[in-house]
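Colleague: Sequence:
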Amino acid sequence: MAGEKVLKNISGVYCRLFDHRPIIQSECKYFVREFEGKRNDREVERLNESLQKVRQIEEEIPKCVEKANQFEELKQQLRAARQSCHDILVKEEEDLQHERREQIKEDAKKDWEKFQLEMNEEEEKIRKEFEQEAEKLREKYGVKQATIH
166 MAGEKVLKNI SGVYCRLFDH RPIIQSECKY FVREFEGKRN DREVERLNES LQKVRQIEEE
226 IPKCVEKANQ FEELKQQLRA ARQSCHDILV KEEEDLQHER REQIKEDAKK DWEKFQLEMN
286 EEEEKIRKEF EQEAEKLREK YGVKQATIH
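Using the numbering used here, you'd call the opening residue of the sequence shown number 166 and step up by one each time.
There could be a bad hint or two in this list.
As the list claims (entries may be wrong) - Simulated pairs of lysine to any residue, SDA-like, Cα-Cα distance not exceeding 20 Å:
1. 173 to 187
2. 301 to 291
3. 270 to 280
Hints listed in this document are in silico derivations from the structure and should not be mistaken for laboratory results. Keep in mind it's a predicted model, so treat the numbers as computed, not measured.
Using the sequences and the accompanying hints, generate a full structural model.
Modeller: Laid out in structure tokens, this is it:
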């Protein structure tokens with residue numbers, strides 16, 4: 166019995182000196198408890214922040230949908246305005262082309278009248294020269310004008 170007691174005492178001393186498992190286990194459990202406690206608090210705070218953001222987003226979604234509808238209406242109005250501007254530009258271009266054609270016609274008419282006037286003047290000049298030359302020939306050859314006609 167005395168040997169058993171000594172053996173028990175030695176094994177108790179040995180466990181206290183060299184077996185740190187119970188202390189390490191209790192330290193690990195304490196660390197895990199503290200870590201989870203702090204982490205849970207942070208997680209709860211983060212979840213609350215996320216929940217607030219989600220609620221804000223949920224409040225903004227109908228406004229965004231309304232704005233999107235307004236943008237669609239604005240887009241249609243801009244298309245109509247663009248089409249109107251295009252029509253106006255086409256009409257102005259047609260008017261400018263018409264005015265240009267009219268100007269070209271007027272210029273051509275003026276050029277034609279100028280050309281006719283120059284031709285008439287040239288014809289008159291040639292006729293006068295012809296008459297003068299004919300008169301000179303008549304005088305030279307003594308032919309009377311009455312006999313020619």
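Colleague: Verify the proposed pairing of residue 173 with residue 187, using a straight-line Cα cut of 20 Å.
Modeller: holds, 18 Å
Colleague: Hinted pair, alpha-carbon criterion (20 Å max): residue 301, residue 291. Please report holds or violated.
Modeller: Since the Cα atoms of residue 301 and residue 291 sit roughly 15 Å apart, the hinted pair holds (cutoff 20 Å).
Colleague: For residue 270 and residue 280, compute the direct alpha-carbon distance and say whether it is at most 20 Å.
Modeller: holds, 15 Å
In terms of the numbered hints stated before, the structure departs from none.
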